[in-house]
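Engineer: Next come the chains, spelled out residue by residue.
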Amino acid sequence: MVVKTELCAFSEYRIYPGHGQRFIRRDGQPVNLSTSKCKGLLNDRKKPAKLMWTQAWRRLHKKGKDEGVIRKKARRIVKVARAIVGASLDDIQKKRAAAAKAQKVSSAEAAALKEVKDRQKTAKAPVTKSPHGHMASVPKHQKSATFNARGGSKR
Amino acid sequence: MIQKNTVLSVVDNSGVKRARCIHVYHGYRKRYAKLGDLILVSLLAVRRKEKTEKQDLKKGGVSKAIVLRTKSTKSFKSNNQLFFKENSVALLNSKSKFAGTRVFGVIPRLLRKTRFLRLLKMSGG
Numbered sequence: 032m033v034v035k036t037e038l039c040a041f042s043e044y045r046i047y048p049g050h051g052q053r054f055i056r057r058d059g060q061p062v063n064l065s066t067s068k069c070k071g072l073l074n075d076r077k078k079p080a081k082l083m084w085t086q087a088w089r090r091l092h093k094k095g096k097d098e099g100v101i102r103k104k105a106r107r108i109v110k111v112a113r114a115i116v117g118a119s120l121d122d123i124q125k126k127r128a129a130a131a132k133a134q135k136v137s138s139a140e141a142a143a144l145k146e147v148k149d150r151q152k153t154a155k156a157p158v159t160k161s162p163h164g165h166m167a168s169v170p171k172h173q174k175s176a177t178f179n180a181r182g183g184s185k186r
Numbered sequence: 035m036i037q038k039n040t041v042l043s044v045v046d047n048s049g050v051k052r053a054r055c056i057h058v059y060h061g062y063r064k065r066y067a068k069l070g071d072l073i074l075v076s077l078l079a080v081r082r083k084e085k086t087e088k089q090d091l092k093k094g095g096v097s098k099a100i101v102l103r104t105k106s107t108k109s110f111k112s113n114n115q116l117f118f119k120e121n122s123v124a125l126l127n128s129k130s131k132f133a134g135t136r137v138f139g140v141i142p143r144l145l146r147k148t149r150f151l152r153l154l155k156m157s158g159g
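One line per chain: the protein sequences are X and W, in this order.
Residue numbering for the first sequence follows the numbering used here, starting at 32 and increasing by one per position.
Residue numbering for the second sequence follows the numbering used here, starting at 35 and increasing by one per position.
Check before you lean on any hint, since a few could be wrong.
To be verified - Every beta carbon over 12 Å from chain W, so not counted as near; a handful from chain X, in silico:
#1 51
#2 124
#3 134
What the hints assert, rightly or not - Think about it this way: if two alpha-carbon atoms lie no more than 20 Å apart in a straight line, the pair counts; the simulated SDA-like pairs of lysine to any residue are:
#4 X:35 with W:112
#5 W:108 with X:62
#6 W:108 with X:142
#7 W:108 with X:53
#8 W:105 with X:40
#9 X:132 with X:142
#10 W:111 with X:50
#11 W:105 with X:52
#12 W:105 with X:132
#13 X:70 with W:105
#14 X:70 with W:85
#15 W:111 with X:149
#16 W:85 with X:62
#17 W:111 with X:66
#18 X:70 with W:115
#19 W:108 with X:74
#20 W:108 with X:49
#21 W:88 with W:134
#22 W:105 with X:133
#23 W:119 with X:35
#24 W:105 with X:71
#25 W:119 with X:60
#26 W:111 with X:47
#27 W:108 with X:61
#28 W:147 with W:95
#29 W:85 with W:134
#30 W:111 with X:63
#31 W:105 with W:65
#32 W:93 with W:116
#33 W:108 with X:132
To be clear, the hints were calculated from the coordinates, so they are not data collected in a lab.
In this text, a Cβ means the ideal position worked out from N, Cα and C, and glycines have one as well.
Make the full structure from the sequences, and use the hints.
Structural biologist: So, in structure tokens, the structure goes:
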């Protein structure tokens with residue numbers, strides 16, 4: 032038979048059978064006390080969190096916790112897109128997409144322009160170098176599949 | 035451990051507030067009354083005059099009472115000990131019937147063993 036042990040309401044020590052007293056408060060709540068020391072201090076209305084020998088104090092001052100503690104993984108910060116005053120979430124996302132596209136376009140254009148320059152150097156043909164250029168000035172054999180009629184890269 | 039001259043609070047709705055123990059029943063020179071014992075009390079203070087006058091209880095009068103709560107501990111065979119914050123009684127009239135119809139607050143389970151089972155009905159639970 033296993034007898035249930037209570038915890039002292041003051042010191043939080045275990046109360047084994049044959050020890051301690053039970054005090055019934057005015058509202059009917061039972062308060063288990065392990066020793067007359069706890070009983071006396073309870074009567075004096077002392078706070079267990081202010082007495083160094085109680086478990087309440089130890090918890091408050093974080094004593095003796097190192098044995099069973101597993102370090103928590105550092106949490107990763109998740110960036111969440113949020114709406115701000117003056118721009119709703121949709122607007123922000125559209126602008127972002129457009130900006131990303133433009134960047135992509137400009138980088139692709141720059142790469143295309145570089146490619147043209149290189150080819151022209153090798154071909155040694157005098158050509159006007161403008162990114163949105165007149166495609167007619169480019170010799171036909173240098174026209175690549177990535178160019179469209181208006182100029183600019185493949186979309 | 036209620037003895038002569040112990041002042042007790044009356045926790046039924048008989049209208050009496052405080053009572054003083056003047057005699058402990060059931061024993062020659064029995065000194066102390068514990069939970070569930072009968073005592074004789076004199077009535078010190080009255081809560082509602084109209085109520086008590088109906089039952090012929092008045093300040094300075096005498097009545098029987100049963101001890102419901104004590105500040106001293108009650109020990110059990112199972113090694114538990116129990117005590118309350120106050121010394122309380124419920125009043126009985128001369129015919130050993132209860133003067134009130136309700137009992138306030140907590141009363142201990144061991145009162146089931148007494149012959150006053152009406153107490154259980156009177157109490158809240």
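Engineer: If a hint holds in the structure, say so; if it does not, say that too.
Structural biologist: Going down the list of hints, with the structure as the test:
1. 51: At about 7 Å from chain W, residue 51 (chain X) fails to clear the 12 Å cut-off, so the statement is violated.
2. 124: Consistent with the label, residue 124 (chain X) stays out of reach of chain W, its closest Cβ about 62 Å off (over 12 Å).
3. 134: holds (75 Å)
4. X:35 with W:112: OK: residue 35 (chain X) and residue 112 (chain W) at ~12 Å, within 20 Å.
5. W:108 with X:62: Given that 20 Å is the threshold and the Cα spacing comes to 15 Å, the pair holds.
6. W:108 with X:142: violated (95 Å)
7. W:108 with X:53: Since the Cα atoms of residue 108 (chain W) and residue 53 (chain X) sit roughly 10 Å apart, the hinted pair holds (cutoff 20 Å).
8. W:105 with X:40: Judged against 20 Å, a Cα distance of about 19 Å means the pair holds.
9. X:132 with X:142: Since the Cα atoms of residue 132 (chain X) and residue 142 (chain X) sit roughly 15 Å apart, the hinted pair holds (cutoff 20 Å).
10. W:111 with X:50: holds (12 Å)
11. W:105 with X:52: holds (12 Å)
12. W:105 with X:132: violated (83 Å)
13. X:70 with W:105: holds (12 Å)
14. X:70 with W:85: violated (39 Å)
15. W:111 with X:149: With Cα atoms ~104 Å apart, residue 111 (chain W) and residue 149 (chain X) exceed 20 Å; violated.
16. W:85 with X:62: violated (36 Å)
17. W:111 with X:66: holds (19 Å)
18. X:70 with W:115: Within the cut-off at roughly 12 Å; holds.
19. W:108 with X:74: holds (18 Å)
20. W:108 with X:49: holds (13 Å)
21. W:88 with W:134: This hinted pair holds, its Cα atoms lying about 11 Å apart.
22. W:105 with X:133: violated (85 Å)
23. W:119 with X:35: violated (25 Å)
24. W:105 with X:71: holds (13 Å)
25. W:119 with X:60: holds (11 Å)
26. W:111 with X:47: holds (15 Å)
27. W:108 with X:61: holds (14 Å)
28. W:147 with W:95: Violated. Residue 147 (chain W) to residue 95 (chain W) sits at ~29 Å, over the 20 Å cutoff.
29. W:85 with W:134: holds (10 Å)
30. W:111 with X:63: holds (17 Å)
31. W:105 with W:65: holds (16 Å)
32. W:93 with W:116: With Cα atoms ~32 Å apart, residue 93 (chain W) and residue 116 (chain W) exceed 20 Å; violated.
33. W:108 with X:132: violated (85 Å)
In this structure, the earlier hints numbered 1, 6, 12, 14, 15, 16, 22, 23, 28, 32, 33 are contradicted, and the remaining ones agree with it.
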